[in-house]
Amino acid sequence: MKTFAKLLVLGALCGLASANWAGALAADKTQVIKDRQSLMKEQGGDLGAIKAYLDDKGDLAKATAAATNLTETMKKLPDVFPPGTEGPNPEGKFAPKADVWSDWKGFLASRDTAAAKADTLLAAVKGGDKAKIQEAFADMGKNGCGGCHGKFREEIKK
Amino acid sequence: MLAAAAPAIAADPAAIANGAYLAGAAGCDTCHTDSEHGGQAYAGGRRLQTAYGVLTTPNLTPDPATGIGSWSAADFRRALRWGIAPDDSHYLPTFPFPFYNRLSEHDLADIKAFLESLPAVARPELKGAGSTALLERARAAIAVAATPLPGPWQPDPLHDAIWNRGAYLVAAIGRCGDCHTPRTQIGAADPQRFLAGTSAGPDGKPVPNITPDREHGLGNWSADDIFGVLTDGHTPDFDFVGGAMAEIVKNTSRLTETDRRAIAAYLQSLPPVSRPATK
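For the protein sequence lines, the chains are A and B, in the order given. Using my numbering, read the first sequence as starting at 1 and increasing by one per residue. Using my numbering, read the second sequence as starting at 1 and increasing by one per residue.
Keep in mind the hints are simulated off the structure, nothing from the lab. All C-beta atoms in this analysis are idealised placements derived from N, C-alpha and C, irrespective of residue type, glycine included. Please note: incorrect hints may appear among the correct ones.
Per label pair, the in silico range of CB-to-CB distance [unchecked claim]:
1. D99/A <-> I186/B: 30 to 36 Å
2. S269/B <-> E86/A: 37 to 43 Å
3. P78/A <-> E215/B: 32 to 38 Å
4. L48/B <-> E135/A: 29 to 35 Å
5. K126/A <-> P124/B: 48 to 54 Å
6. D99/A <-> A223/B: 32 to 38 Å
7. P13/B <-> L60/A: 40 to 46 Å
8. I162/B <-> E86/A: 42 to 48 Å
9. Q154/B <-> T30/A: 52 to 58 Å
10. D112/A <-> K205/B: 24 to 30 Å
11. E42/A <-> K205/B: 24 to 30 Å
12. S269/B <-> D79/A: 41 to 47 Å
13. K126/A <-> D224/B: 22 to 28 Å
14. S131/B <-> E86/A: 24 to 30 Å
As a list, the in silico EDC-like pairs of lysine to aspartate or glutamate whose alpha-carbon atoms are at most 20 Å apart [as the list claims (entries may be wrong)]:
15. K151/A <-> D29/B
16. K93/A <-> D239/B
17. K250/B <-> E135/A
18. K34/A <-> D237/B
19. K157/A <-> D178/B
20. K205/B <-> E86/A
21. K41/A <-> D239/B
22. K93/A <-> E215/B
23. K250/B <-> D139/A
24. K205/B <-> D178/B
25. K126/A <-> E72/A
Some residues of chain B that are not near chain A, with every Cβ distance over 10 Å (derived) [stated by the list, open to error]:
26. D12
27. Y21
28. G24
29. G53
30. R78
31. P86
32. H90
33. Y91
34. T132
35. A141
36. I162
37. R261
38. R275
In isolation and in its complexed conformation, chain B is listed as follows (with noise of 0.2 Å):
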């Protein structure tokens, strides 16, 4: 009979209110979520479409049967760093966990605070329609092999706080090099082409170059112009984002003025890289 353990520690609204900012802000609702089908927040059962075949996105409300309210801050841990689960599998990098590994400690704590706030919800696990995909999945394991997992993120000194906090959610929250920065031939980020944009990302289509390069980035843009892509999509010109970047925008908006600000100061202070996004 599985009674319901009571909580050693009352949990802390500020840690709940600081993982939902995050988990909000990373768009983790955007992939846990089945909306189509009107699913609850957070139960997962989305189908993505990828390279493996359907993957079925988890469950992260506290459920312990169906949804991580089985798992112990070493298994978030352990699943959000290194993409491992607790049953010693690998996660593909469709769950972009080399991203979440450079999450502070403390932001990670808040955002399984957070998700052991919400109300469990059984949703049984349904399989994916997945190909065996044994080519792309040894690509990807290739790939993660070679992606450097440093942790969490450490300021840099020499820079302004304002920086420091745009850097830090761009690596950490926005994971913006998802789609932005080429990929080397084994399929690791290009660390050269930072943001550089790529004619083939994620969708197969081509994705911006978003280093302050005059030519083919955003050199021409004002920091008032990054600032509006990421409040509602518009571009200097009027234009409104589309293709994935549309559902990247419903979760940047979310972020607070002065930290979408702050990633607007970060992205302005990148190397500019001239390879155009075609290459």
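The shape of chain A in the complex, shown without the other chains (with noise of 0.2 Å):
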């Protein structure tokens, strides 16, 4: 009997844990999903900055950060894309496709590919020649963030 009621105890609490475990693990989706979101505005900012140096409406020393920062926040793509994560943005306007995670070689591909534009774009954003920069931008945002959001993300039906 003392052997049932210590196993009752430690069924309940393993219930009570569970729970929590669940709850918890929710809890860290919704922050990773926010996390992604704000690395993504993040990388967006720095194009913005780049793109605002080009039209003669921004710095070269704002570009520069941006740019350098962006190379940055590529090696932190994977972090955001934990296994059990998929679902909308917090605007409900994208979610990751499930191939994220079903060809995870070809999304860390897609990522690789996206990271070394955006090395190629610093080094034309030090090198200070705009046609350069022009030609890396659009190669970044046409192959390197448009080829990942290609494959990878879809719109959403509301």
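Since each chain comes alone in its own frame, lean on the hints to assemble the complex.
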């Protein structure tokens, strides 16, 4: 009977713990998605700063800082796509496709491509030649960001 | 014994250049190249997942046996304007011929001249693992039958040259309406909602409203913003378009700056349609 009581208590505790654990996981997932969104927004902001310089609306120092930051945030991308975090972004407009996780190798390859283009963009910005920066910016947009979004992101029906 | 016939008229470099430009902007090579397996450009072989099963794109190089080398000018015109192959079979609208229907005779001929100038690639015909999909094919036939195919796009004398260029590019090359115009019940494009977006586009995914509606479309975008997305895919808040549009941007980015700005000017002139893309 004592063993049975112990087992009951153990079972109850496990039940409580798993309820908390599931709750914690859910909270984690929400946080991950928020972090993912802010990382993407940060990258957008950095690209905006580079475009501002190209359009004579911003300075080269800001563009250089932005391009440098972009190469840094590229490294963090896989961290904001852990398994189990599918679901729409906080604005409810986009969601990662299931392919992100079913084709993780492909996803990382797209990230690597984008990261390489971010490196090229940084080199171009440091070089100061606007034509080269424009070319690197377009390549980044179309084949870096766009390359990954084309394969691994979808708009959601509301 | 097949002997290569000497061309009666030497190919015009200007025609080939214009044809190459238009084919690039229309993205013919996007569908007609098996990039995934390192296929030659325009030699076909890309397998498209469609409602009709898996369709394999044809070889557009001038190989007489496996490409379009034996096609006459009339064959080419019939295929692009009316979606009818030389053997009288009909193309499914996966090949967006209702849009190429609007090409001028001159541009149509130039595209053929360009394709003829390509190296001939003999690629064995790969049959798609298509399903019979009778219902879908019947639906497509009805939709195409209900689609006006008026032929070459006519310039509007009430608008300037830039507007007309933009309108022509959207109608005949960009085929924007293929995704961005919702369909009527019968499956044809809804002329009342031109470019107003849909909740279920060709991918089954929502496609944005690109009319100048302030709430649901691009009404808050400047001409530069539209030019921007056609150039490298960036939106005003520096998101970068994804989904099927990412591939399209690779094509629109091949247009000249003037042509991209013409499209922007044309889009901004359209009647705003407030239908949200979700309906």
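Here is what the structure says about each hint:
no., hint, verdict
1, D99/A <-> I186/B: 30 to 36 Å, "holds (34 Å)"
2, S269/B <-> E86/A: 37 to 43 Å, "holds (40 Å)"
3, P78/A <-> E215/B: 32 to 38 Å, "holds (37 Å)"
4, L48/B <-> E135/A: 29 to 35 Å, "holds (31 Å)"
5, K126/A <-> P124/B: 48 to 54 Å, "holds (50 Å)"
6, D99/A <-> A223/B: 32 to 38 Å, "holds (35 Å)"
7, P13/B <-> L60/A: 40 to 46 Å, "holds (42 Å)"
8, I162/B <-> E86/A: 42 to 48 Å, "holds (44 Å)"
9, Q154/B <-> T30/A: 52 to 58 Å, "holds (55 Å)"
10, D112/A <-> K205/B: 24 to 30 Å, "holds (26 Å)"
11, E42/A <-> K205/B: 24 to 30 Å, "holds (26 Å)"
12, S269/B <-> D79/A: 41 to 47 Å, "holds (45 Å)"
13, K126/A <-> D224/B: 22 to 28 Å, "holds (26 Å)"
14, S131/B <-> E86/A: 24 to 30 Å, "holds (29 Å)"
15, K151/A <-> D29/B, "holds (18 Å)"
16, K93/A <-> D239/B, "holds (12 Å)"
17, K250/B <-> E135/A, "holds (13 Å)"
18, K34/A <-> D237/B, "holds (18 Å)"
19, K157/A <-> D178/B, "holds (19 Å)"
20, K205/B <-> E86/A, "holds (17 Å)"
21, K41/A <-> D239/B, "holds (8 Å)"
22, K93/A <-> E215/B, "holds (15 Å)"
23, K250/B <-> D139/A, "holds (10 Å)"
24, K205/B <-> D178/B, "holds (13 Å)"
25, K126/A <-> E72/A, "holds (16 Å)"
26, D12, "holds (31 Å)"
27, Y21, "holds (18 Å)"
28, G24, "holds (14 Å)"
29, G53, "holds (21 Å)"
30, R78, "holds (33 Å)"
31, P86, "holds (34 Å)"
32, H90, "holds (30 Å)"
33, Y91, "holds (25 Å)"
34, T132, "holds (28 Å)"
35, A141, "holds (27 Å)"
36, I162, "holds (21 Å)"
37, R261, "holds (15 Å)"
38, R275, "holds (14 Å)"
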